[in-house]
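We have chain A; now place chain B onto it with these hints.
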Amino acid sequence: MTATLTLTEADVRAALSTVVDPELDEPITDVGFVRSVTVSGDAVEVHLRLPTSFCAPNFAWLMVSDAQDALRALPAAGRVVVELDDHHDSDLINAGLAADAGYRGTFGHEAEDSLDELRATFQRKAHTAAMERALTAWLRADPARPETAVGDLCLGDLPVGPTTDALLSRRAALGLPVDPGSPVLLAPDGSRPPADAVTATLRRARSVRISVDGNAHFCRGLLTTRYPGAEADQTARPSIDSRPLLPLEVLS
Amino acid sequence: MYSKDGEDYFIVDAHIALWDARPENQLNVHGKQFIDCFYDYHRNLSPESEVWPYEEYLYQGGERLMRDVFGNGIVDHAIFQPARLGEFYARGFGQTEEAFALTQANPDKLTYNHYFDPRDGERGLDQLRADAERFDLKGVKLYTADWHGDSRGWKLNDPMAYRYFELCRELGITNIHVHKGPTIRPLDRDAFDVADVDHVATDFTDLQFIVEHCGLPRLEDFCWIATQEPNVHAGLAVAIPFIHTRPRYFAQIMGELVYWLGEDRILFSSDYALWTPTWLVERFVDFQIPEDMTEYGPLTTAVKKKVLGLNAAKLYGIPVPPELQLPDAAETATGPRQPESADLAMA
Chain A
1 MTATLTLTEA DVRAALSTVV DPELDEPITD VGFVRSVTVS GDAVEVHLRL
51 PTSFCAPNFA WLMVSDAQDA LRALPAAGRV VVELDDHHDS DLINAGLAAD
101 AGYRGTFGHE AEDSLDELRA TFQRKAHTAA MERALTAWLR ADPARPETAV
151 GDLCLGDLPV GPTTDALLSR RAALGLPVDP GSPVLLAPDG SRPPADAVTA
201 TLRRARSVRI SVDGNAHFCR GLLTTRYPGA EADQTARPSI DSRPLLPLEV
251 LS
Chain B
1 MYSKDGEDYF IVDAHIALWD ARPENQLNVH GKQFIDCFYD YHRNLSPESE
51 VWPYEEYLYQ GGERLMRDVF GNGIVDHAIF QPARLGEFYA RGFGQTEEAF
101 ALTQANPDKL TYNHYFDPRD GERGLDQLRA DAERFDLKGV KLYTADWHGD
151 SRGWKLNDPM AYRYFELCRE LGITNIHVHK GPTIRPLDRD AFDVADVDHV
201 ATDFTDLQFI VEHCGLPRLE DFCWIATQEP NVHAGLAVAI PFIHTRPRYF
251 AQIMGELVYW LGEDRILFSS DYALWTPTWL VERFVDFQIP EDMTEYGPLT
301 TAVKKKVLGL NAAKLYGIPV PPELQLPDAA ETATGPRQPE SADLAMA
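These protein sequence lines are chains A and B, in that order.
Once you know that position 228 of the first sequence is 228 in the working numbering, the rest is easy, because the numbers rise by one and skip nothing.
Once you know that position 254 of the second sequence is 254 in the working numbering, the rest is easy, because the numbers rise by one and skip nothing.
With the Cβ distance kept under 10 Å, some of the chain B side facing chain A (calculated, not the full set):
| # | residue |
| --- | --- |
| 1 | ASN44 |
| 2 | PRO182 |
| 3 | ASP188 |
| 4 | GLY215 |
| 5 | PHE242 |
| 6 | MET293 |
Derived list of chain B stretches under chain A, where covered just means 3 residues or more per stretch with a C-beta under 8 Å from a C-beta of chain A:
| # | region |
| --- | --- |
| 7 | 220-232 |
| 8 | 244-251 |
| 9 | 254-262 |
No lab work stands behind these hints, which were simulated from the structure alone.
From the three backbone atoms N, C-alpha and C, an ideal C-beta is built for every residue, glycine too.
The following block holds chain A by itself, in its conformation from the complex:
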């Protein structure tokens, strides 16, 4: 780190790409939530936007405060301003951010302790959905494979590719084993389900994945309805359902 460091918009966007919408399990830069980035010397001002005025304020807070933290961690950044636009709690949240009031200082009586539990709940959901995507892709790759077979599948049996990578990174985030001999299918508490619970565990994981993916698409769509042109700021979300079943090879 030297005094000659200069802050660039690319640095800012790279930092923002580490901020994830916990509900959708995607970087805010991919879903189009970054409305504007203005760099002036070592000062940076970023505006974020959401699909509706009534998006849950706790998730909104997580994203804007994570964005502020990520930008402050940039060695070349001086003054950092992050603001949330057009939300029913914009005034409250933006004042809280500017004053470094923290979650409890910002929301007062509405905050009890912290948002750690909320974050953890959605990290678990993100893992469950990633696990189901990997297993469903594996099942579809050979229609002769019965659902019950997923109970014996290990990480090393999965094909190399983004679906498996996504699962591994989410396991790592939760401290779950990532070695090739570990079972892919895990119950919500991280244990290996008994044989008679394999189908139910998979079906339940599927409902989580469908919910997460469905929300992601709805949120993207609403953002583009609310902010025409926002689709240019969105990256296509990979999906195991957006195309017909064949050809199967592209999944791995």
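Quick look at chain B alone, frame taken from chain A:
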């Protein structure tokens, strides 16, 4: 009644509203934000031919409602599910007097449900008694994210809410429509969490809990709860228009609901005036789960008939011609679960 390919469908729209979101009724910017959010839902999910101009969307009035909902004879009965939103709109969002007058003028076509808010305390209990008598209530619509003074939400298992459910039981208000919204106290936990539905459904087994939007955006938690609780039902408001924009996603929603709940606990709702029922009914009757989604069975005509009207008619005692009735299905492979096997914390 709707007829297609020799089949007759008795149609009940289980969720309609007569709202007033015009600027003169807005108390503050949140009144505008709220209707703008609805309008974005409408624009985003509707076929182009069904999109209304913004000005028309703000308020419809009774005459237009009757035309939009019943004009072509497809819908047999519709149920008002009003939201108060007294912190956003001077005369409230749902127009009680106008909707009730319309119900009195068309008793065979309309049912009026009202709302309560446990944060109204003892006074609200008295009001609920009076409302039950005046409106002959069989159901209520509860919006847990409604703002009330410095509170921006409540839970179904709050102690005061239990007093209201006990009174519902006493007054014969058996259908509790629950709309989970995005702001709730405390903010520490998931605002859309449906775990409180689990508690009340267990403690009030003689009341029926219809979760609007089938728990979306928490379909998975909702399905798990409904699997254990036979008195929990799925309302399709906001879910069913995905039939147009994202039919494969809608197929998954229906596939999941039928898998976990079975075909007897899913209710058609247009959520008028968010959308109008006609195109939704037509599309739903024509809809089928894509063949490559082998994890789900096909939607049979019997399933569609139940979802489109028979299930809601049963909850509300709405008379259905004998030739259109169908027997209940057998228990699903998934249920009923023992409540102790539930573990919502581990989704």
